[in-house]
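Student: Generate the whole structure from the sequences, applying the supplied hints.
Chains P and V, in that order, give the protein sequences.
Take the first sequence: its position 42, counting from 1, is numbered 42 in the working numbering, and each next residue is one higher.
Just so we're on the same page, the working numbering is the position in the second sequence counted from 1, plus 117.
Simulated from the structure, these hints should not be mistaken for laboratory data.
The structure presented is a predicted model; accordingly, all values stated were derived computationally and were not measured.
Treat each hint with caution, since some may be false.
[What the hints assert, rightly or not] Computed list of lysine-lysine pairs in BS3-like fashion (alpha-carbon distance at most 27 angstroms, straight line):
(1) V:159 with P:42
(2) P:78 with P:57
(3) P:78 with V:159
(4) P:57 with P:42
(5) P:78 with V:184
(6) V:119 with P:42
(7) P:42 with V:184
(8) V:159 with V:173
(9) V:119 with P:57
[Said to hold, decoys possible] If you anchor each label on the Cβ, the simulated ranges turn out as follows:
(10) V:156 with P:52: 14 to 20 angstroms
(11) V:133 with P:1: 24 to 30 angstroms
(12) P:22 with V:173: 17 to 23 angstroms
(13) P:72 with V:227: 46 to 52 angstroms
(14) P:27 with V:158: 24 to 30 angstroms
(15) P:1 with V:172: 22 to 28 angstroms
(16) V:148 with P:51: 40 to 46 angstroms
(17) P:51 with V:133: 45 to 51 angstroms
(18) V:159 with P:84: 20 to 26 angstroms
(19) V:199 with P:18: 37 to 43 angstroms
(20) P:12 with V:133: 20 to 26 angstroms
(21) V:132 with P:63: 28 to 34 angstroms
Cβ coordinates follow ideal geometry from the N, Cα and C atoms, glycine included.
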Amino acid sequence: EPEVTQTPSHQVTQMGQEVILRCVPISNHLYFYWYRQILGQKVEFLVSFYNNEISEKSEIFDDQFSVERPDGSNFTLKIRSTKLEDSAMYFCASSNADHGDQSYEQYFGPGTRLTVT
Amino acid sequence: QKEVEQNSGPLSVPEGAIASLNCTYSDRVSQSFFWYRQYSGKSPELIMSIYSNGDKEDGRFTAQLNKASQYVSLLIRDSQPSDSATYLCAVNEGTDKLIFGTGTRLQVFP
Numbered sequence: 001e002p003e004v005t006q007t008p009s010h011q012v013t014q015m016g017q018e019v020i021l022r023c024v025p026i027s028n029h030l031y032f033y034w035y036r037q038i039l040g041q042k043v044e045f046l047v048s049f050y051n052n053e054i055s056e057k058s059e060i061f062d063d064q065f066s067v068e069r070p071d072g073s074n075f076t077l078k079i080r081s082t083k084l085e086d087s088a089m090y091f092c093a094s095s096n097a098d099h100g101d102q103s104y105e106q107y108f109g110p111g112t113r114l115t116v117t
Numbered sequence: 118q119k120e121v122e123q124n125s126g127p128l129s130v131p132e133g134a135i136a137s138l139n140c141t142y143s144d145r146v147s148q149s150f151f152w153y154r155q156y157s158g159k160s161p162e163l164i165m166s167i168y169s170n171g172d173k174e175d176g177r178f179t180a181q182l183n184k185a186s187q188y189v190s191l192l193i194r195d196s197q198p199s200d201s202a203t204y205l206c207a208v209n210e211g212t213d214k215l216i217f218g219t220g221t222r223l224q225v226f227p
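Tutor: Put into structure tokens, the structure is as follows:
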């Protein structure tokens, strides 16, 4: 069964450093997302991406964050200068949403645990 | 602020019983509703989606939606210890993002 994959599973970085989190969405999916979950808190939307551009982003997704689809399979989240409060699980998700069918089912990858020290 | 509310639990049920999980949402224009299961330290796993008022059944799971009351629920029949997890309610209002509740922790004891 197709699944979303993410690398690395755990990333430790120092405050101020740049990190890139990588995702391979399900191959026939067209919509890609990043969410994060701080320990003990709810899953929060960061950004959605379709047709090689951001379609929606949250208040969390400020200028320190960027996303890219560098090739036909990968989808990346970059944090330019990490802060302590960026420590969280970061989930990539993808969807083959056909909005005419009201189908927005999103499938999540296993996540990357980011620890900023 | 659009909200999705869930009782954090834990909800404890004996093995074989029906577990009933509830969720309310604040935005009347919400269109799509989802239940995810999340084991500790793992990612959300999609269990059910529901878009229309009424019931939708899939195996031991039944999702119920009442848009007038802004209420969605998940019933798990014949609960098993392996069902012990946090169940996340998520709502999509016609844009791209899912809005999640804090989740209800379910404990199924033998």
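Student: Now tell me if each hint is right for this structure.
Tutor: Against the structure, the hints come out as follows:
| no. | hint | in the structure |
| --- | --- | --- |
| 1 | V:159 with P:42 | holds (13 angstroms) |
| 2 | P:78 with P:57 | holds (14 angstroms) |
| 3 | P:78 with V:159 | holds (22 angstroms) |
| 4 | P:57 with P:42 | holds (17 angstroms) |
| 5 | P:78 with V:184 | violated (38 angstroms) |
| 6 | V:119 with P:42 | holds (14 angstroms) |
| 7 | P:42 with V:184 | holds (23 angstroms) |
| 8 | V:159 with V:173 | holds (26 angstroms) |
| 9 | V:119 with P:57 | holds (15 angstroms) |
| 10 | V:156 with P:52: 14 to 20 angstroms | violated (34 angstroms) |
| 11 | V:133 with P:1: 24 to 30 angstroms | holds (29 angstroms) |
| 12 | P:22 with V:173: 17 to 23 angstroms | violated (35 angstroms) |
| 13 | P:72 with V:227: 46 to 52 angstroms | holds (48 angstroms) |
| 14 | P:27 with V:158: 24 to 30 angstroms | holds (27 angstroms) |
| 15 | P:1 with V:172: 22 to 28 angstroms | holds (26 angstroms) |
| 16 | V:148 with P:51: 40 to 46 angstroms | violated (21 angstroms) |
| 17 | P:51 with V:133: 45 to 51 angstroms | holds (48 angstroms) |
| 18 | V:159 with P:84: 20 to 26 angstroms | holds (24 angstroms) |
| 19 | V:199 with P:18: 37 to 43 angstroms | holds (40 angstroms) |
| 20 | P:12 with V:133: 20 to 26 angstroms | violated (44 angstroms) |
| 21 | V:132 with P:63: 28 to 34 angstroms | violated (51 angstroms) |
Hints 5, 10, 12, 16, 20, 21 from the list above are not met by this structure, while the remaining hints are.
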